[in-house]
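Peer 1: Using the sequences and the hints given, assemble the complete structure.
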Amino acid sequence: MPFIAYLIVMGGVAYLIRVIPLLFVRKTITNPFIRSFLYYIPNSILAAMTIPAIFYVTDNRLAAVAGFAVAMLLAYKRKSLVTVAAGACVSVLAVELLMKII
Amino acid sequence: MEENTFKKGLIDGLPIGIGYFSVAFAFGIFALRCGLKGWQAVAISATNLTSAGQIAAVPIIAVQGSLVELASTQLVINMRYFLMSVVLSQKLKPETTVLDKLIIAWCNTDEIFAVCTGKDYRLDKRYCFGILIPPYLGWTLGTLAGVLAGDVLPAIITDSLSIAIYGMLIAVFVPAGENDRNMLMCIAISVALSLCFFYLPYLRELPGGFTIIICAVAASVFMAVKAPVGGDG
Chain A
245 MPFIAYLIVM GGVAYLIRVI PLLFVRKTIT NPFIRSFLYY IPNSILAAMT IPAIFYVTDN
305 RLAAVAGFAV AMLLAYKRKS LVTVAAGACV SVLAVELLMK II
Chain B
-5 MEENTFKKGL IDGLPIGIGY FSVAFAFGIF ALRCGLKGWQ AVAISATNLT SAGQIAAVPI
55 IAVQGSLVEL ASTQLVINMR YFLMSVVLSQ KLKPETTVLD KLIIAWCNTD EIFAVCTGKD
115 YRLDKRYCFG ILIPPYLGWT LGTLAGVLAG DVLPAIITDS LSIAIYGMLI AVFVPAGEND
175 RNMLMCIAIS VALSLCFFYL PYLRELPGGF TIIICAVAAS VFMAVKAPVG GDG
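Read top to bottom, the protein sequences are chains A and B.
Heads up: take any position in the first sequence, counting from 1, add 244, and you land on this note's numbering.
Going by this note's numbering, the residue at position 66 of the second sequence is 60; the numbering climbs one at a time, nothing skipped.
None of these hints come from the bench; they were simulated from the model.
C-beta atoms are modelled at their ideal positions from N, C-alpha and C, and glycine is treated no differently.
Just to be clear, a hint being listed does not mean it is correct.
[Unchecked claim] Partial chain B-side listing against chain A, Cβ under 8 angstroms, derived:
#	residue
1	A37
2	N42
3	M73
4	S79
5	V80
6	L82
7	K95
8	D153
9	M162
10	P169
11	P222
Peer 2: Pasting the structure below:
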């Protein structure tokens, strides 16, 4: 199979999923249940995506736990996206370096 | 306060772009390791802008898997974007044209979506164009940098950068949970289900993208019934 076929199928699926609702859902949704559902869904998706996947993103589990804890703390203190992400990265690096030394 | 300018969009998109760069960098290295050519990895990033979907697709392409396998994987993993685009369509100003939407849809990612839906006003197309440029460039150029650098960079550095994207997601949903007890409960239910699907036998056999949808939909339906939001919700 030529690479271009994979590229078209992959990109096509990703794009159609995104573009169809944008083009064909034109009315403002007034139904209270749907509005409530749409209110709750984004953060519940992000949370389910993050936990527990974050614990397996780095080679070292302990480092990932440290990165998660620091990110949660910084986010709780309302730090910016960059600060939270950077805090998580530095924590992972610090733990991994420490474990190499010990 | 309503700040709907192109410049404000660029500013909001910049941290996302920086975050994407590091993850895209790791994706480039991953794709090379799986046997893809560097330009193929960059082409995938430039046309997809889906981290999880892309990472799942690379091994399938590397072993010359079927197109049906590839398409179904992408459908399942990216299903959440359908829900996100429904929400986003409600956030755009009514005068947004079809052509504008064709462009905006291209770059509806988890993080852009999160920032856009965090606004309490309708978004202008100029703001949308602004916010999607840094992530698109960060994602595509990050992949390019990754395949160029290859394994020159020490593994410990790329490893620690890989957590950045999750840090960004945490920076979005944690404050949302702090603001609203019902939202916090919704997040807690979603996470509890996510843990079940990850660790329990049989449940953990389900693909990750599908799992995310089940957890989030179940938690949100439950909360929408238990604690519906009124007015502007």
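Peer 1: How about P222 (chain B): closest beta carbon in chain A under 8 angstroms, or not?
Peer 2: Hint on P222 (chain B): holds, closest Cβ of chain A at ~4 angstroms, below 8 angstroms.
Peer 1: Restraint: M162 (chain B) near chain A, CB-CB cut 8 angstroms. Satisfied or not?
Peer 2: holds (5 angstroms)
Peer 1: Does the nearest C-beta of chain A fall within a distance shorter than 8 angstroms of the C-beta of N42 (chain B)?
Peer 2: holds (5 angstroms)
Peer 1: Does the CB of D153 (chain B) sit less than 8 angstroms away from some CB of chain A?
Peer 2: holds (5 angstroms)
Peer 1: Checking hints one by one. Is P169 (chain B) an interface residue toward chain A, by the C-beta closer than 8 angstroms rule?
Peer 2: holds (6 angstroms)
Peer 1: Return the status of the interface hint for V80 (chain B): holds when the least beta-carbon distance to chain A is below 8 angstroms, violated otherwise.
Peer 2: This interface hint holds because 4 angstroms falls under the 8 angstroms limit.
Peer 1: Grab the minimum C-beta distance from M73 (chain B) to chain A and call the hint holds if it beats 8 angstroms, violated otherwise.
Peer 2: Holds, about 7 angstroms.
Peer 1: Just to be careful: measuring from the Cβ of S79 (chain B) to every Cβ in chain A, is the smallest value less than 8 angstroms?
Peer 2: With Cβ-Cβ at 4 angstroms, under 8 angstroms, it holds.
Peer 1: Does L82 (chain B) hold up as a contact with chain A if the rule is Cβ-Cβ below 8 angstroms?
Peer 2: holds (7 angstroms)
Peer 1: Using the nearest Cβ pair, does A37 (chain B) come within less than 8 angstroms of chain A?
Peer 2: holds (6 angstroms)
Peer 1: Given K95 (chain B) was flagged as interface, is its beta-carbon under 8 angstroms from a beta-carbon of chain A?
Peer 2: Given a least distance of 5 angstroms, the restraint on K95 (chain B) holds.
The earlier numbered hints are all upheld by this structure, with none contradicted.
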